[in-house]
Amino acid sequence: MSNTIDTVDALLQRLYILQAEQLLGQRLIIAIAGAPGSGKSTLAAQLCQRLNEAAVPGSAGQAVVVPMDGFHLDNAILQERGQIAVKGSPQTFDVDGFVSLIARLVEPGGASVYIPVFDRSMDLSRNASQCVDESHKVVIVEGNYLLLARAGWEKLASMFHLSVMLDVPMETLQERLVQRWLDLGHDPEQARSRAFSNDIPNAQVVTQESTGAHVILKGVRQ
Numbered sequence: 001m002s003n004t005i006d007t008v009d010a011l012l013q014r015l016y017i018l019q020a021e022q023l024l025g026q027r028l029i030i031a032i033a034g035a036p037g038s039g040k041s042t043l044a045a046q047l048c049q050r051l052n053e054a055a056v057p058g059s060a061g062q063a064v065v066v067p068m069d070g071f072h073l074d075n076a077i078l079q080e081r082g083q084i085a086v087k088g089s090p091q092t093f094d095v096d097g098f099v100s101l102i103a104r105l106v107e108p109g110g111a112s113v114y115i116p117v118f119d120r121s122m123d124l125s126r127n128a129s130q131c132v133d134e135s136h137k138v139v140i141v142e143g144n145y146l147l148l149a150r151a152g153w154e155k156l157a158s159m160f161h162l163s164v165m166l167d168v169p170m171e172t173l174q175e176r177l178v179q180r181w182l183d184l185g186h187d188p189e190q191a192r193s194r195a196f197s198n199d200i201p202n203a204q205v206v207t208q209e210s211t212g213a214h215v216i217l218k219g220v221r222q
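Here the UniProt record's numbering is used: position 127 in the sequence shown is 127, and no number is missing along the way.
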């Protein structure tokens, strides 16, 4: 059963309790899920900063963010499959590779794991461009489809010690997603077309097809 909260401080209190109960040598894996435009990246970065500020330097409390976006399929593959127009939808990610990564992060011992990171300026993923090392005992995973109840994706939910779903009204998501394209230099007609042809359908997939999170966080800002 999900617990609904409305402040980041309340979420942090949950994380502090989990940290206190954390087994020696085990990473704490936190999922921040939500629709495009819901504020996942902002929240993940904020939580990571707050956790690291509260930790003793070099202690087991060091946190790191692992974005799902590093597992975008390359544009060349999407072009071959006729999927470039729906890049960002569930079928355009390497879900098996992502599941394998999370499984490695969960393994006891906390060995270093190299992860791919999506470079937005180049519109591609750069392999092994970030390291989750032995000092990182709290891993904050963020992405749209972390709790998606579809083949492949459904393996993820059980790997998270705490899962958080961001609850943002669809009207707010629509405004944010259109504005995102406007900020990239598109005119209003182009921005609405891009948002409503792909981003908003993906947001609907997240809201309609995700399994229950441990925590629902309401009213998140970007």
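It should be emphasised that the hints constitute simulated quantities derived from the structure, not laboratory data. From a predicted model like this one, the values you see are computed outputs, not experimental measurements. Virtual Cβ for every residue (Gly too), placed ideally from N, Cα, C. Be aware that a few hints might be false.
DEER-style ranges, computed between Cβ atoms [unchecked claim]: (1) G109 with D187: 51 to 61 Å; (2) R120 with E154: 23 to 33 Å; (3) A103 with D183: 18 to 28 Å; (4) S121 with S197: 20 to 30 Å; (5) G152 with M122: 21 to 31 Å; (6) Q91 with E134: 18 to 28 Å.
EDC-like, lysine to aspartate or glutamate: derived pairs with alpha carbons at most 20 Å apart [as the list claims (entries may be wrong)]: (7) K87 with D119; (8) K218 with D9; (9) K87 with E134; (10) K155 with D119; (11) K218 with D6; (12) K155 with E209; (13) K218 with E171; (14) K87 with D69; (15) K155 with D94; (16) K87 with D74; (17) K218 with D183; (18) K155 with D96; (19) K87 with E209; (20) K155 with D74; (21) K218 with D167.
Against the structure, test the hints numbered earlier, and report the numbers of the ones violated in rising order.
The structure breaks hints 3, 6, 9, 10, 17 and 20; every other hint is satisfied.
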